[in-house]
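Since the structure of chain A is provided, determine the placement of chain B on it from the hints.
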Amino acid sequence: MVMATQKRLLFRPYRLGLALVLPVCCGCFETQPVDTRGVQVVWPLTRTIDDFESGNGLPSWTLLGSWGCNAWPAETSAAECGVAEPGSGDAGVAGSLSFDLTRESGDDGLGAQIYSFRRSIPLDLSRYHGFGFSANLEPRDDQLISNQVLLRVRLDCPAAATVGVSPQGERVVLTSAVRPPADGAWHRFELDLNAFTQPAWQQGRTGDGFEWERIDRERCLAAVDSLGLSIEDADLEGAVEGAPAMAGRLMVDEIDLYEMDAEQRSVEGGLNFSGWSCRERPEAGGLRECDLRRAPSMSFTMQGNDRGQDSPSVVLCTHAHRLDQTTHEVTADTRDLTAFESLSFGAQFMPDAPESIRRFTVRLGCRELVPSSLPALQREVELSAERSSYTLPLESFTPSPYPLGFDNVEGCLARMDELCFETQVQDGELASGTLAIDEVVLR
Amino acid sequence: MNRTLPLLLLLVACGESHSRPSPATDSDLEATRPRDDQPFEAPACATEREPECVSDDFRLCPGTSGYAFLRAQTFAEDGVTTAALAAPEAGTICMSGRLAPIADNGGGAALSLFLDERGRANTCIRSAFDARALGISALELSLDQVPDTRLTLSAVVIRKTECAVPFECIEGGFYDLLTPTGEDLVLLMPGVNRAPLDEFIGADSGEPLDGRRLSFFSLYLQATNEPVDFDFCVSQLRFSDAADRTIVPPAR
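Each protein sequence line maps, in turn, to chains A and B. If you're matching positions, the first sequence starts at 1 in the working numbering and goes up one per residue. If you're matching positions, the second sequence starts at 1 in the working numbering and goes up one per residue.
Just so you know, the hints here were simulated from the structure itself, not pulled from any lab data. Among the hints, a few may not be true.
Every beta carbon over 12 Å from chain B, so not counted as near; a handful from chain A, in silico [what the hints assert, rightly or not]:
#, residue
1, Arg37
2, Val42
3, Gly68
4, Cys81
5, Glu138
6, Thr301
7, Leu323
8, Gln325
9, Arg358
10, Ala385
11, Arg387
12, Gln426
13, Asp438
With the C-beta cut set under 10 Å, the calculated list includes, among others, these residues of chain A facing chain B [to be verified]:
#, residue
14, Arg47
15, Gly57
16, Thr62
17, Leu63
18, Gly65
19, Val83
20, Arg119
21, Ile121
22, Tyr258
23, Asp261
24, Ala262
25, Arg265
26, Ser297
Keep in mind it's a predicted model, so treat the numbers as computed, not measured. Glycine included, C-beta positions come from ideal geometry on N, C-alpha and C.
Bound-form chain A, shown alone:
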């Protein structure tokens, strides 16, 4: 089971507005393939390595064993790992690595890492193109300065090398790194797996005569034994003089792999979005599964509350984002939909309970307009167990009830930043089933 929660989403009382009676899609769907003429929305498939929401120290990807950590130089450094709140998006929990590092001599590197070894067969990452993660680096005192640290991702693959392990026990790795701001805020990064290389210190000959073997990236990615995220002083790269000590806390969250399947890859001129993600509110175990490896789908079982309480809801979303090719940081972006007239998609809702259809709200978010209130244009649609294609005129979308008085339809269309499918249970209602979305096209 893959459970990818979207903690970057913030939830606000706009949900209450879903109870309002909005126009329900009538006569606008057909049981045909989606007509893909137009501009297709494309997204990568997502394999969640860990979202840390279990809180138990076991990665979401079951092939991986529990998280561990260490620090170096071992004699003068310490690391402690676990989970901490809040996670990225200021929600849920994240993996935590507290470190207190002191240089032993001028030549020593400083660093600490959180890592996980394979629990079973080696990990085959060869079909993925991206490695995404959220990171939050909190300095302690003034010992940790931005740009003096690297956050390095390590993929350990001894099977890719003939020798595999150096005489000192060091294993061949592929790495790539970012420079995270030490500002105590969450940042999202995405690294190109095809840009991972053997680090500088694994090139040439070691002091005791061992010559590092050059390993083939494809072979390494096809048989990864362990992965780790380390915080290190940047002097390894020769950029700055090494700090005498570093102390702080690194939090990591939403560690994902991304894959563009052949179908998505073949779309020319598509509108790029992030991988989909699921979220439940309040978090109560009702979101059973969020399978983003093949097509976005979420399975849920929700029981409505007593009257007067906020009703539970689940939501499946994709976001507009922008990747900075230099810093590898992923930031929120917007898409201009003002030139389009309609939104089409394929969808089905397979109920577990005896309900033939279920009502979902399709939301086009535009958080940039009123960041604290998450405005959107929205409309309702009834989905059935039979997969159908739906075409919704954009003019049929209405402003969300929150923030109160929000009516900037044109502005919202011009700065659309998320597409979501959401359902909410009413008082005492039981809802259970699976929502699946495919082909999304704008015309």
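Then chain B, alone, in the frame of chain A:
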């Protein structure tokens, strides 16, 4: 620059994985090991008469599972974890105890269902369990509940019949039950769990299980951040053939 130490520590810290290869050692052994798909040949020590189901190393038995050929064993990896077996009724094996947290070097615990015959010190495997010869294609078992951690199923094959230490006989012989896509471990759930033998994949070889040299099946509990108390029972153990007919192996 000293880049070695942290990685050395990392290797030491990896005690959780029962199946991690030691590349140099593994390749050396490979040349002398029988292949998993070769018939089992009884070693010389098999002629020794030793009492079954007695061991100084393993807490074995109680042998009241309802299958005369089956024995059970608890295995706690870290020296802190506790695990005890009970057989409240014929056909049921229960295990209870506590898993130490990861921070206390908690590694895990296992309930192992032995199918082979071995000598007192577990260093001589007198006979393997040949599931293929019996026409077995799947194992079924029922769980009354699952602990608050991951519970997975592995099949273990005999790699050497005479060993200096018990683990050497099965080193590199772990096959884990994976989902049909091969991308995830199957997590056992309350109720009936069906495990087709060809969905056990070699953790080191990547090959599907052949089933001719089986030693035991193991239900493995992974340690977590917190201590985990567990108490669960296994029942309705059943082997079946490709047509889902029950196969009862002969008693030994």
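Outcome of the hint check:
| no. | hint | result |
| --- | --- | --- |
| 1 | Arg37 | holds, 33 Å |
| 2 | Val42 | holds, 23 Å |
| 3 | Gly68 | violated, 5 Å |
| 4 | Cys81 | violated, 9 Å |
| 5 | Glu138 | holds, 21 Å |
| 6 | Thr301 | holds, 15 Å |
| 7 | Leu323 | holds, 26 Å |
| 8 | Gln325 | holds, 28 Å |
| 9 | Arg358 | holds, 26 Å |
| 10 | Ala385 | holds, 24 Å |
| 11 | Arg387 | holds, 22 Å |
| 12 | Gln426 | holds, 30 Å |
| 13 | Asp438 | holds, 19 Å |
| 14 | Arg47 | holds, 8 Å |
| 15 | Gly57 | holds, 4 Å |
| 16 | Thr62 | holds, 4 Å |
| 17 | Leu63 | holds, 6 Å |
| 18 | Gly65 | holds, 5 Å |
| 19 | Val83 | holds, 7 Å |
| 20 | Arg119 | holds, 6 Å |
| 21 | Ile121 | holds, 6 Å |
| 22 | Tyr258 | violated, 15 Å |
| 23 | Asp261 | violated, 14 Å |
| 24 | Ala262 | violated, 17 Å |
| 25 | Arg265 | violated, 20 Å |
| 26 | Ser297 | violated, 15 Å |
Hint compliance for this structure: hints 3, 4, 22, 23, 24, 25 and 26 are not met, and every other hint is.
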